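Here the structure of chain A is known, so what remains is to put chain Y in place on it, guided by the hints.
Chains A and Y supply the protein sequences, listed in that same order. No gaps in the numbering here: position 1 of the first sequence is 1 in the working numbering, and each next residue is one more. No gaps in the numbering here: position 89 of the second sequence is 89 in the working numbering, and each next residue is one more.
Treat each hint with caution, since some may be false.
Any copy, or any two copies together, can satisfy a pair, since identical chains are not distinguished.
[Unchecked claim] The list that follows gives simulated cross-link-like pairs (lysine-lysine, BS3-like), each with its CA atoms no further than 30 Å apart:
no. : residue 1 : residue 2
1   : Lys73     : Lys110
2   : Lys188    : Lys225
3   : Lys98     : Lys188
4   : Lys262    : Lys188
5   : Lys110    : Lys98
6   : Lys110    : Lys188
7   : Lys98     : Lys73
8   : Lys262    : Lys216
9   : Lys110    : Lys216
10  : Lys262    : Lys110
Since the hints were made in silico from the structure, they are not lab data. These figures come from a predicted structure and were not determined experimentally.
2 protein chains.
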Amino acid sequence: MDVSTPLLERLVERRILVPMGVDGLYGRSGIFESVVTGLESAIARAGSADEAEVLRFPPAMPRTEFERSEYMKSFPQLAGTVHAFCGGDREHMALLTKLATGEDWSRDHKPTELVLVPAACYPLYPMLAMEGVIPGGGRLFDVQSYCFRHEPSADPARMQFFRMREFVRVGTAGQALTFRDLWLLRAKTLISNLELPFEIAPANDPFFGRAGKLMKDNQLEQELKLELVIPVASAQPTACLSFNYHQDHFSNIWQLTLAPGKSAHSACVGFGLERIVLALFRHHGFEPGHWPAGVRHTLWG
Amino acid sequence: MDVSTPLLERLVERRILVPMGVDGLYGRSGIFESVVTGLESAIARAGSADEAEVLRFPPAMPRTEFERSEYMKSFPQLAGTVHAFCGGDREHMALLTKLATGEDWSRDHKPTELVLVPAACYPLYPMLAMEGVIPGGGRLFDVQSYCFRHEPSADPARMQFFRMREFVRVGTAGQALTFRDLWLLRAKTLISNLELPFEIAPANDPFFGRAGKLMKDNQLEQELKLELVIPVASAQPTACLSFNYHQDHFSNIWQLTLAPGKSAHSACVGFGLERIVLALFRHHGFEPGHWPAGVRHTLWG
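With the rest of the complex left out, here is chain A (with noise of 0.2 Å):
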């Protein structure tokens, strides 16, 4: 295929992706969803094994829970805030005015109770929280929800919103480690069986601002985050995958024991969905019904 024209101007001329005229927001073609689907379902087959209980999350979090999440400290760029209107008729008719003058009119709007989930695992440890205690073997979670990062760009592997699927281990250090470690090789696996060219390298989180640069290396240092990158539509590789492992930070802020005074370690290994779908249409080309025997086998069985 001609690889000198940008990937996403090639997924619209064929109408794969569809430009909603603003960077990072892309209405998909069926064809786009058939391959999601094919790869939630060949991701749930190299988890079946543990028998995760499956949740799914819409798009938002109570507002309290995500304040108490810390994020706003590390990565207040990237989170999305849901606001509304909250007048009664007068205040109706000015806000008409605005719209009809071309001011802004969402400026008066009120915060209401929601924030946008901004990676699937947040709205799981508030739950988890009002659950009590973690029995002794720990908990184990499939969960899947749209995220929302605040980052327009033209590269289509960095949509503002998108979904991510997780598995998220609750439990001792040991098991949560224990997780990322089989993780990384079924991944290792599902990818290869993917025919996608890949590495998996250390990694940080974006962190904000200046003290943001600490935690950065802190991170890399004690190699809490590791990422399985494919080039996809940027010069560099995108990261496709993550696997990370949060010690207590979430049992921490939420209060997870697994028994009184014992705070239960956590890891989560992250699946890019949309990410990992264009990776396919790069590699493989725009007509899934042609892609290599293997890949379809693994997606669609």
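Showing chain Y alone in chain A's frame:
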């Protein structure tokens, strides 16, 4: 089954819905989602003869297009705008102080370019406008997306974020009305096959304020909107599907034309996926494996 206990409570007991701490926001179990998947397949089969173009949109659309849509004129109370922090290190410090002291930290956020999608067909019209004159046979789309409506409620059938599947016809007035009549028949068959009790009745959208009264009356009088209602969790049956004839409303906003000077008309049928799934649990019990054979066949073939 014991119907004296409210539906929400029974779903939560069985962990089919998991409360997230805000009315209208729930985690859903794998069982709930398997019914959503089955329902979407059944809907697709009902409309498969039409070969509609499949498009899937993220939960947000561009604010500029939303402004044109007149949604804020009719339903300002329901819309959700996405706001984000846009400062540097200094503003970040101030934000963290507010968070620590319990002040409202998100009031300083700025509106982004995004507004949450209020109905699955809203992102479609601006896209159509960009694509120019509608060809002679008109166009037909199969869309789905998460929709947001700011109406926190203890009724599980009134979620703040929910998924809406829609078929949308754009063409002549005759094509739009024929399409709506066809889907009225198809929907009756589908909901009958799901063995759910229903009625179809003229309806109106929740137009805002004093001026909204006139718009409600007009919509009812012209029978522009019909709803298929099913008893779910409240005293009144819940609108689970709606059948809408927009006349040339959206074409006038986005200049959708069939030929120079000839406005397109449009119609849509919308399926409230969570509502129909809740109706299935309400009427057939909490174990889909034990639902009547005909219902299971309709959902899972």
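Query raised in the report: Is it within a copy, between copies, both, or neither that the alpha carbon of Lys98 lies no farther than 30 Å from that of Lys73?
Result: between (34 Å within a copy, 12 Å between copies)
Query - Within, between, both or neither: Lys262, Lys216 at alpha-carbon 30 Å - result: within (27 Å within a copy, 59 Å between copies)
Query raised in the report: Quick one: Lys110 to Lys188, C-alpha cut-off 30 Å, is that within a copy, between copies, both, or neither?
Result: neither (46 Å within a copy, 41 Å between copies)
Requested in this report: Tell me, please, which holds for Lys73 and Lys110 at an alpha-carbon limit of 30 Å: within, between, both or neither?
Outcome: both (22 Å within a copy, 18 Å between copies)
**Report entry** Within, between, both or neither, where Lys262 and Lys188 count as close if Cα-Cα is 30 Å or less
**Finding:** neither (33 Å within a copy, 56 Å between copies)
Query raised in the report: Are the CA atoms of Lys110 and Lys98 at most 30 Å apart within a copy, between copies, both, or neither?
Result: Classified as both; 16 Å inside a copy, 16 Å across copies.
Report task. If the cutoff is 30 Å on CA atoms, where do Lys98 and Lys188 land: within, between, both or neither? Let me know, please. Result -> Intra 54 Å, inter 44 Å, cutoff 30 Å: neither.
**Report entry** 30 Å Cα threshold - placement of Lys216 relative to Lys110
**Finding:** So Lys110 and Lys216 pass the 30 Å test across copies only (27 Å; inside, 34 Å).
Report task. Tell me, please, which holds for Lys188 and Lys225 at an alpha-carbon limit of 30 Å: within, between, both or neither? Result -> within (16 Å within a copy, 52 Å between copies)
Query raised in the report: Given identical chains, is Lys262 near Lys110, meaning Cα to Cα at most 30 Å, within a copy, between copies, both, or neither?
Result: This pair counts as neither: shortest intra-copy Cα distance 40 Å, inter-copy 41 Å.
Comparing the model with each earlier hint shows violations of hints 3, 4, 6 and 10; every other hint is respected.
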